[in-house]
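Starting from the structure of chain X, add chain L where the hints point.
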Amino acid sequence: MKLFLRIFTGQGITLQGEINLSNLPNDMARQVQATLTQENLTAAAAAQPNPHMVDASEYELVIHPDDPNQTSQRYELVDADDNIDVLEVLDDIMHEIVRRKKGQS
Amino acid sequence: MNSHYGCCHPIQCILPPHVVEAIKLRGDEEQRKMAEALAKQAEATRESRQEATPPDSFLAAPVLAMGVAPAVNREVYDGKRRATLPGTLVRAEGEDPVDDPVVNQVYDLTGDVFNLYFDIYRRNSLDGQGSTIVSTVHHRRRYNNAFWNGTQMAYGDGDGTLFQTFVEASVVGHELSHAVVQYSGGLVYRDQAGALNESFADVFGSLSKQYTLRQTAAEADWLVGQGILGSDINGVALRSMKAPGTAYDDSTLGKDPQPYHMDFYLNTSSDNGGVHINSGIPNHAFYLVSQYLGGYAWEKAGQIWYDTMQVINNPLATFNDWADKTVEMARERFGAGSMETVLTRRAWKLVGVDL
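So the sequence lines, in the order shown, correspond to chains X and L.
If you're matching positions, the first sequence starts at 1 in our numbering and goes up one per residue.
If you're matching positions, the second sequence starts at 106 in our numbering and goes up one per residue.
Pulled out of the complex, with its shape left as it was, chain L reads as follows:
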């Protein structure tokens, strides 16, 4: 155990909550137990808030490229509108389509996400080790959400009024990309690190859709969750990377709150510190880089962002940390004076992240 927190009894030293979250996220079982004990103690006292950085023992190995042919392995389960996961297996890898179109859609879209990561970034499934991708459809009754729970995906059907479905290309790509973040060392799901986690999921959710449709950056819609809102909702998607803050404006849902610039960064305690809100800023930076570079966004901009995720090794990364690393990755891959490097830096500047 690293001496940073081995210096004292777990319940006698209180780390900042975000560091405890990092330990819970990246630690082994013993460390997680310790973190939970710390969290309980913090709840009781809420006094000391000393600054700390994650110990070296949290270092995560980068995902290695695979030299073998891909072998996607998907399992889709029917939750039958109950909460128990995973439910009943209804379609395994290589099996014929079933009568339920939602099952087949998830099966196909999951394959599309696998293909993007393998074909372009040489990543073998979510964990880089060829893991089975498990999905449950029809999760809970009228459930207005989809999520990655650390081991599998779950998709609600929506209530039919606000949401028609959660089985859509960019949403599936988004949720599966949360798994990629987890297996790449993780980003604590709070404040700027959490917004980067959300943004990475949006970026690769959108890229998954673009790759499947073979769309250039200019042709893509840059929407996350296009078409999943109910027919009476005034909106086109959950989020817009091209124009954050414009995806919906509805009497029931309210107005899309995403900012596109640091001047409008929202300091809030809700939504884990605004992870779904402030992600608009790095989302827009990625969109700008993609537009500047042209062509297929997964080739250069996507590669820079993916490389960054693999090497940043900082679960508490800020927007500046991430931006710095993207420029470094662009420089390493394309050269110090390359357009890729120059334009990556410029995109960050335009969203108010000065390097």
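Pulled out of the complex, with its shape left as it was, chain X reads as follows:
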């Protein structure tokens, strides 16, 4: 399973990258699989943003399954009070993507 992730940081900067689930550290991969279920992501994407909140972060996640017969799933999420668990996993994934891009150990 490949994950494409784009995060608009809320400060005018967009981060994006992709990573295979198999390339994530084991603990993180397990957490990703447990948290980024279709049910959780659908609920998280439905979370309503606070209309007064400015500079909120925005997230776009596309999950490409290994099985070519399965279709990719795309989700758009925004900072909200009731989807933090999912967003924090996405933050961790982006951190891992950036870390690899920068060649950090």
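Note that these hints are calculated values from the structure, not bench results.
A quick note: this is a predicted structure, and the numbers were derived from the prediction, not measured.
Positions of the beta carbon are idealized from the N, C-alpha and C atoms, including for glycine.
It is possible that some hints are incorrect.
Distance windows between CB atoms, simulated [to be verified]:
#1 X/F4 with L/L455: 39 to 47 Å
#2 X/D66 with L/L455: 49 to 57 Å
#3 X/D66 with L/D459: 50 to 58 Å
#4 X/T35 with L/M444: 57 to 65 Å
#5 X/R100 with L/R187: 25 to 33 Å
#6 L/E200 with X/Q33: 40 to 48 Å
Okay, now just chain L, sitting in the frame of chain X:
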């Protein structure tokens, strides 16, 4: 309720999304519920897009000058890297510094922003009524952002790679100035109105830093977020008001996309219609006015921009609406033939906003 939308059942008339946003932003509880119902209906149908303007009931009272001494009231909370707000209170107004330098920095920088608004514009705190300024530091894990959520500030620590911190003078001033916009009648956070909201926050974020350092327009760096990027990032800040589009150019972050002129205005659906991108245009106009007038930017240019925010009363304002009002405010305060008025108009022309 104003007859404009009282004419029909909420879910039977679909206002343009930006008007619904205006209602959600400025309406009372009942109006906001109505707006949310409208938004859901719009989601379902997405057909009618009739033009509308916000009803008179959205009028917001200008902030009044205070004749009493200021009494800043700050509370800084430790989020302990969790998402729950506000967290644990670690420093209240008048208390001694604590061991955590981030807490003390936010406490001090928040005071600097309060001082600018009170000393120069006679505004008593964010709401003009002396409200407590609540901030949470260490928000979430490796969180690459800072925000105003309608009631308080929250600052992430950054991931240490792309961002080292979000506790920096112009960033703190920026976020708190979003609150000033909210309490001044608001600007819908979308398209040109949203870019003006962002620009106002950048302008007063920068002015807060300049006022604290007592820098003239010529001495200021005109950067927003100077020094917050990671050490390996090729860039100096989030944005440059002096030279929009030049703040960073990095393999991970990409290139600063801000335009300085309407010829390069970016029509996009992302970033709420490019609010952090097209804000470069009014940002640069403010920079130009400040340079033309010289001296301390908060004195004249800042006063014109602040006056404009207080009277424009249009949450859907375009760049032209805002520019028109800045010239009007310059004329009212400094005179029709004054250099302030002439040069404000000239600055807008130079960024492609013809009046």
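Taking the hints in turn, this is what the structure says about them:
| no. | hint | in the structure |
| --- | --- | --- |
| 1 | X/F4 with L/L455: 39 to 47 Å | holds, 41 Å |
| 2 | X/D66 with L/L455: 49 to 57 Å | holds, 55 Å |
| 3 | X/D66 with L/D459: 50 to 58 Å | holds, 56 Å |
| 4 | X/T35 with L/M444: 57 to 65 Å | holds, 59 Å |
| 5 | X/R100 with L/R187: 25 to 33 Å | holds, 27 Å |
| 6 | L/E200 with X/Q33: 40 to 48 Å | holds, 45 Å |
Violated hints: none; the structure is consistent with every hint.
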